[in-house]
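**Student:** Sequence:
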Amino acid sequence: MPTKLYREATEVHNLEQEFDEENVKGPAQFLLPNGTISDVTHALYAPRGNRTLLSFKDIRANGYHAEMHDENGKEFLCIPLMTAAEKRILEKFMCISSGLYSTTIRAIESNNVHSG
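Each residue of the sequence shown is one higher than the one before, counting from 1 in the numbering used here.
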């Protein structure tokens, strides 16, 4: 996912494990489940990590706000799109038992074509 990469030996901590390894840092672009594109300037890719964190700062840097919604006793973090005529929910992340919000992301594939 990162687009301009540089390697760095980093100690990575997550909710389940801690490990030292060579990681990749750089800008990244990815898709959220409903097709919203998100750019992160300083992404860290840890090959053995099984979680990715997206901060409120990252959400705001993409021009979005975040709102909490409650649906039938379940908490969600929502990213709305507000226009003059309406407010529509672009993405909805479910709150999990740790208090974090969970979603899936997909890498955006790109292919460069060079004519020579």
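It is worth saying that the hints were derived from the structure and are not from the lab. Note that beta-carbon positions come from the ideal geometry of N, C-alpha and C, so glycine has one too. Please note that the accuracy of each hint is not assured.
[Stated by the list, open to error] Cβ pair distances, simulated, as ranges: (1) His69 - Ser98: 17 to 23 Å; (2) Tyr45 - Gly73: 17 to 23 Å; (3) Tyr45 - His69: 17 to 23 Å; (4) Lys57 - Cys95: 33 to 39 Å; (5) Pro27 - Asn72: 19 to 25 Å.
[Unchecked claim] Think about it this way: if two alpha-carbon atoms lie no more than 20 Å apart in a straight line, the pair counts; the simulated EDC-like pairs of lysine to aspartate or glutamate are: (6) Lys57 - Asp39; (7) Lys74 - Asp58; (8) Lys25 - Asp39; (9) Lys25 - Glu75; (10) Lys74 - Glu86; (11) Lys57 - Glu67; (12) Lys74 - Asp39; (13) Lys57 - Glu86; (14) Lys74 - Glu91; (15) Lys57 - Glu71; (16) Lys92 - Glu71.
**Student:** Look at each hint and say if it fits the structure.
**Tutor:** For each hint, the structure was consulted:
1. The hint said 17 to 23 Å for the Cβ distance between histidine 69 and serine 98, and at roughly 19 Å that hint holds.
2. Taken as a hint, the range 17 to 23 Å is violated for the pair tyrosine 45 and glycine 73, whose Cβ atoms sit roughly 36 Å apart.
3. Remark: the range hint 17 to 23 Å for tyrosine 45 to histidine 69 is contradicted by a beta-carbon distance near 30 Å.
4. The given range of 33 to 39 Å is broken by lysine 57 and cysteine 95, whose C-beta atoms sit roughly 19 Å from each other.
5. Taken as a hint, the range 19 to 25 Å is violated for the pair proline 27 and asparagine 72, whose Cβ atoms sit roughly 38 Å apart.
6. Taking the CA atoms of lysine 57 and aspartate 39, the gap is about 11 Å. The hint holds against a cut of 20 Å.
7. Of the pairs offered as hints, the one joining lysine 74 and aspartate 58 is violated, with about 24 Å between alpha carbons and a cut-off of 20 Å exceeded.
8. Pair hint lysine 25 plus aspartate 39 holds up; C-alpha atoms about 14 Å apart against a cutoff of 20 Å.
9. With a CA separation close to 32 Å, the supplied pair lysine 25 and glutamate 75 exceeds the 20 Å bound.
10. Of the supplied pair hints, the one linking lysine 74 and glutamate 86 is violated, its CA atoms being roughly 24 Å apart against a limit of 20 Å.
11. Proximity of lysine 57 to glutamate 67 is assessed by CA-CA distance (about 14 Å); at most 20 Å being required, the pair is judged to hold.
12. Only pairs whose Cα atoms come within 20 Å are accepted, and lysine 74 paired with aspartate 39 is rejected, the gap being roughly 28 Å.
13. With a C-alpha separation of about 24 Å, the suggested pair lysine 57 and glutamate 86 falls outside the 20 Å cut-off, and the hint is violated.
14. Restraint check for lysine 74 and glutamate 91: satisfied, since their Cα atoms lie roughly 15 Å apart, inside the 20 Å limit.
15. For the hint pairing lysine 57 with glutamate 71, the CA-to-CA distance comes to about 25 Å; that exceeds 20 Å, so the pair is violated.
16. In summary, the hint linking lysine 92 to glutamate 71 is supported, as the alpha carbons are separated by about 11 Å, within the 20 Å threshold.
The structure is inconsistent with the numbered hints 2, 3, 4, 5, 7, 9, 10, 12, 13 and 15, although it conforms to all the rest.
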